[in-house]
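Same order as they appear, the protein sequences are chains A and B. Taking this note's numbering, the leading residue of the first sequence gets 1, the next gets one more, and so forth. Taking this note's numbering, the leading residue of the second sequence gets 1001, the next gets one more, and so forth.
None of the hints are false.
With a cut-off of at most 27 Å between alpha-carbon atoms, the simulated DSSO-like pairs for lysine-lysine come out as follows:
1. B:Lys1181 with B:Lys1164
2. B:Lys1068 with A:Lys186
3. A:Lys235 with B:Lys1068
4. B:Lys1068 with A:Lys179
5. A:Lys209 with A:Lys235
6. A:Lys179 with A:Lys200
7. B:Lys1068 with A:Lys200
8. A:Lys186 with A:Lys235
9. A:Lys209 with B:Lys1068
10. A:Lys235 with A:Lys200
11. A:Lys245 with A:Lys209
Worth flagging that the hints you see were computed from the coordinates, not collected in a lab.
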Amino acid sequence: MNTQDPNERTAEAGEYVLGTLNAAERQAFEAAMARDEGLRREAYAWQDRLLGLTRRLQPVAVSPELWARIAARLSGVSQVVATPARSGAANDALWSSVQFWRWLSGGAVAAAMVMSVLLVRTLVAPPAGVEQAQVEAPRYLAVLQSPDNAATGWIVETVGTDAIRLVQVGEGATIPQGKTMQFWTKPEGAAGPTSLGLVKPGQVVVVPKGQLPGLAERTLFELTLEPAGGSPYNKPSGPILFVGKAVRL
Amino acid sequence: MTDPSASLAGDFDHEAALEACARGERFALRALYDREAAWLMAVVLRIVRDHELAQDVLQDAFLQIWQKAGTFRRELGSGRGWVYTVVRHRALDEVRRVRPEVNLGDNYQALAEALPTPEREDLSHDEAALAHCLSLLDDPKRQCVIDAFVEGHTHEQIASRLSKPVGTVKSWIRRGLIALKECLS
Chain A
1 MNTQDPNERT
11 AEAGEYVLGT
21 LNAAERQAFE
31 AAMARDEGLR
41 REAYAWQDRL
51 LGLTRRLQPV
61 AVSPELWARI
71 AARLSGVSQV
81 VATPARSGAA
91 NDALWSSVQF
101 WRWLSGGAVA
111 AAMVMSVLLV
121 RTLVAPPAGV
131 EQAQVEAPRY
141 LAVLQSPDNA
151 ATGWIVETVG
161 TDAIRLVQVG
171 EGATIPQGKT
181 MQFWTKPEGA
191 AGPTSLGLVK
201 PGQVVVVPKG
211 QLPGLAERTL
221 FELTLEPAGG
231 SPYNKPSGPI
241 LFVGKAVRL
Chain B
1001 MTDPSASLAG
1011 DFDHEAALEA
1021 CARGERFALR
1031 ALYDREAAWL
1041 MAVVLRIVRD
1051 HELAQDVLQD
1061 AFLQIWQKAG
1071 TFRRELGSGR
1081 GWVYTVVRHR
1091 ALDEVRRVRP
1101 EVNLGDNYQA
1111 LAEALPTPER
1121 EDLSHDEAAL
1131 AHCLSLLDDP
1141 KRQCVIDAFV
1151 EGHTHEQIAS
1161 RLSKPVGTVK
1171 SWIRRGLIAL
1181 KECLS
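Take these sequences, add in the hints, and give me the full structure.
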């Protein structure tokens, strides 16, 4: 796509919404749209321009059980948290912290915990303007380790006042074909774990605090190996890959 | 079942519903579902042509709405337009994965007969404007745009239906879209 020619941009955004881009073109457009606010604006405009075409169809009844099927799967879905306007700085900080943690992960966990305080306070500093609110909010960090060899694989850290973030910081587990990792949490004293969704190796998962059953000192986080699509039960069914408890910073 | 005329009225705040979904409020997704599921089912069924598969697609699409609601930006456009795009793209992924060749069976005929004309009296202002602007396009361009949107066909499928080169179809669609934008602005 010629990203300068206004007609080309309009046509490409229109085809994106229409659905006539092939898989490679669609990926390229989505990548371009992530960087280009004007292109995103074009795509939103097409969503609304073409919406009237859906009125050519008569509504079709859905099975009464469909909603129950959706609701049953909701807790397994990690929600994307909107990127704040000042995302550049935050991402840089995250990147630095991930690099740092990778380097650190071979070392002693005690040292890691100390370093984490510095990292979370300096590298993942909140954007200016929200600092005041965040001073009040307690911050937590959980270092998730392999029960087999105590290697640190992932960390869970609070992000601002509203969310937690799962980040891979060390050598991950090998996920066999047909399997997936599932992310769980359990506050101390809770009856059972709550699923926070499926996780791919290397993925950064942000979960709004509203979806956690609780977050306090010693809240447990773990990654388990599950069949593709997640545990068939409302609790882990496979082995623990990484596990750790939150500490307050 | 949703009253078919209900979604014409502007009394459902799709934008607020998506923002509530982004905050993890399940009742908002349920409200959106109650409001739109039957309409979205029609859109998906038209593309995937199988009732069971359409329900699976709709189920996945609602989970995607829940997952991605935080990326919706109300200052750029309507929540309803955003929802339909998420659902249509999920349906297109499915039909292109499962069945690259569209099977024009009896089911398709039955659906084609159910297609109402654009001159319905219950169209909103925007829908009437779109119908008007579509009517100003030459026949082949209008056919291509409608075929792509409603049937979910690719350039190649439309080209084979119309016995035209793929490049011609692609050019008709792009020129048709640019003309539509000008007419609607």
